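K.L.:
Each chain, written out:
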Amino acid sequence: MAVVVTGLGCTTPLGGDVPSTWQAALEGRSGVRTLDNDWAELYGLPVNFAGQIAVQPGEVLSRPEIKRMDPSAQYAIIAAREAWRDAGSPEVDPERLGAVVSSGIGGVWTLLTAWDTVKDRGAARVLPLTVPMLMPNSPAAYVELEMGAKAGAHAPVSACASGAEAIGMAFEMIESGRADVVVAGGTEAAIHPLPLSAFAAMQALSKRNDSPATASRPYDTTRDGFVLGEGAGILVLESEEHAKARGARIHARLVGLGLSSDAHHIAAPDPGGAGQTRAMKLALERAGLAPADVAHVNAHATSTPAGDMVEARGIRGIMGAHADQVLLSATKSMTGHLLGGAGAVESVFTIKALQDRVAPPTINVDSPDPELEVDLVRNTPRAMAASGDLAAINNSFGFGGHNVALVFITA
Amino acid sequence: MALSEQEVLAGLAEIVVEETGIDAGDVQLEKSFTDDLDIDSLSMMTIVTLAEEKFDVRIPDEEVKNLVTVGDAVSYITTAQA
Numbered sequence: 000m001a002v003v004v005t006g007l008g009c010t011t012p013l014g015g016d017v018p019s020t021w022q023a024a025l026e027g028r029s030g031v032r033t034l035d036n037d038w039a040e041l042y043g044l045p046v047n048f049a050g051q052i053a054v055q056p057g058e059v060l061s062r063p064e065i066k067r068m069d070p071s072a073q074y075a076i077i078a079a080r081e082a083w084r085d086a087g088s089p090e091v092d093p094e095r096l097g098a099v100v101s102s103g104i105g106g107v108w109t110l111l112t113a114w115d116t117v118k119d120r121g122a123a124r125v126l127p128l129t130v131p132m133l134m135p136n137s138p139a140a141y142v143e144l145e146m147g148a149k150a151g152a153h154a155p156v157s158a159c160a161s162g163a164e165a166i167g168m169a170f171e172m173i174e175s176g177r178a179d180v181v182v183a184g185g186t187e188a189a190i191h192p193l194p195l196s197a198f199a200a201m202q203a204l205s206k207r208n209d210s211p212a213t214a215s216r217p218y219d220t221t222r223d224g225f226v227l228g229e230g231a232g233i234l235v236l237e238s239e240e241h242a243k244a245r246g247a248r249i250h251a252r253l254v255g256l257g258l259s260s261d262a263h264h265i266a267a268p269d270p271g272g273a274g275q276t277r278a279m280k281l282a283l284e285r286a287g288l289a290p291a292d293v294a295h296v297n298a299h300a301t302s303t304p305a306g307d308m309v310e311a312r313g314i315r316g317i318m319g320a321h322a323d324q325v326l327l328s329a330t331k332s333m334t335g336h337l338l339g340g341a342g343a344v345e346s347v348f349t350i351k352a353l354q355d356r357v358a359p360p361t362i363n364v365d366s367p368d369p370e371l372e373v374d375l376v377r378n379t380p381r382a383m384a385a386s387g388d389l390a391a392i393n394n395s396f397g398f399g400g401h402n403v404a405l406v407f408i409t410a
Numbered sequence: 000m001a002l003s004e005q006e007v008l009a010g011l012a013e014i015v016v017e018e019t020g021i022d023a024g025d026v027q028l029e030k031s032f033t034d035d036l037d038i039d040s041l042s043m044m045t046i047v048t049l050a051e052e053k054f055d056v057r058i059p060d061e062e063v064k065n066l067v068t069v070g071d072a073v074s075y076i077t078t079a080q081a
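Chains A and B, in that order, give the protein sequences.
Per numbering that gives the first Met the number 0: the first sequence = residues 0 to 410.
Per numbering that gives the first Met the number 0: the second sequence = residues 0 to 81.
Next comes chain A alone, as it looks inside the complex (with noise of 0.2 Å):
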């Protein structure tokens, strides 16, 4: 059964929804800023910036909704309500409709903030909501809820994968014939304290305070870490079959999907890249594409000094001379690395880049790394050609050494 995208929602710290997100970054803005708060001071947290949301959840959710939702699951419910009107609020089967949303962290919010309640006023005043608001499956079973999705609502979880995962599940689902339609993506909410302190502990933070807005430098020879960002990104997924028996428009069509794992390390990936190269050769197979199809990848690329080149050096791997001619993007020198969120909100990228027929800007990028050999799009948005069908990777790389590629073509 061949999978098309029909809606498209999100919420970045580069706008509240697809139409601002996309716009932003085609003009290559960052959505990094200074935090609003004084955590640095308070805690003494040695990075006091990040790509925060750019449209606040209660501008546009109900106060009850505000209370009973983790953050994750805000943002996934404002994205998965743009994307199914952008779908054409489909009437659907129930039992034909799926909702896989993950996120990586999961209420990390909710949890912390019912720790603190705990401590300081007792385990009496913890609310009953805590449970079902935490729960990493939250925000698909809120998707869930709201569509009155009963084909199966799923949460894979791979750390910075998950979000792609989810849209690799969603694909499976339907090609599988389980089910017509499923609503699909990834969310984060995880700039707290906790989070921030940890993932600087690792090394893994750009610790450029001074100037945040070109902390996130993807392949740039000064990157020192990527940035951390929040949003969700939601698509509609869709069968071929159903989507034109209503007429649907169609954004793009979803025809590939690589899976694999490093078996190398915890937190670090695989220096020779052997699983990343694997992800994206499988997510070709399955397509029944050629490497030299591909216009187009939407990298992972985060900004760390260890993970840009170990992707970028695979793509040169695979597609050889050709990637001379791939325009390869780094959003997250936009957004800020959304884990959970980032797969599902580069979807929207890599299909809005395939229905544009331009792919988007990496900014901040002064010195390109001299063993970078793809032609990296700098600065300002790059067309791809005019006519024809156009082929576009996004990849997904999660701490635990989860690797996950997705193939898209134009409509």
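Just so you know, these hints were derived from the structure itself, not from any lab.
Quick caveat, the model's predicted, so the values are computed rather than measured.
Misleading hints may appear alongside valid ones.
[To be verified] Simulated pairs of lysine-lysine, DSS-like, Cα-Cα distance not exceeding 27 Å:
#1 A/K118 with A/K66
#2 A/K66 with A/K149
#3 B/K53 with A/K66
#4 A/K66 with B/K30
#5 B/K64 with B/K30
#6 B/K53 with A/K118
#7 B/K53 with B/K30
#8 B/K53 with B/K64
#9 B/K64 with A/K66
#10 A/K149 with A/K280
Starting from the structure of chain A, add chain B where the hints point.
P.N.:
Using the frame of chain A, we list chain B on its own:
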């Protein structure tokens, strides 16, 4: 200084509105939490937890099932804080 029933009702209504989105005007003494206001048991427990803190009273778990109407809760809280 103990609050009057009217003050407790107003304070309880604030919690209910915030938690459920129900119109404040619907939170009346004779209304049943489950049958009229459509409040499920988890939301009821949330309202009880917040009310305990707001009015500085203790509402034992076994007592919650007796709080059928808004008026039951208002009476209980008014008496408990006295």
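K.L.:
State for each hint whether it applies.
P.N.:
Against the structure, the hints come out as follows:
Of the pairs offered as hints, the one joining A/K118 and A/K66 holds, with about 21 Å between alpha carbons and a cut-off of 27 Å not exceeded. Taking the CA atoms of A/K66 and A/K149, the gap is near 25 Å; set against the 27 Å cutoff, the hint holds. Distance hint between B/K53 and A/K66 is fulfilled; the C-alpha atoms sit about 17 Å from each other, no more than 27 Å. With a C-alpha separation of about 23 Å, the suggested pair A/K66 and B/K30 falls inside the 27 Å cut-off, and the hint holds.
Proposed proximity of B/K64 and B/K30 is supported: the alpha carbons are some 15 Å apart, at most 27 Å. Note on B/K53 and A/K118: the hinted pairing holds, with a Cα-Cα distance of about 19 Å set against a maximum of 27 Å. Taking the CA atoms of B/K53 and B/K30, the gap is about 21 Å. The hint holds against a cut of 27 Å. Between the alpha carbons of B/K53 and B/K64 the distance comes to roughly 20 Å, so the proposed pair stays at or under 27 Å and holds.
Only pairs whose Cα atoms come within 27 Å are accepted, and B/K64 paired with A/K66 is accepted, the gap being roughly 24 Å. With a CA separation close to 33 Å, the supplied pair A/K149 and A/K280 exceeds the 27 Å bound.
Checked against the numbered hints listed earlier, the structure breaks hint 10 alone; every other hint is satisfied.
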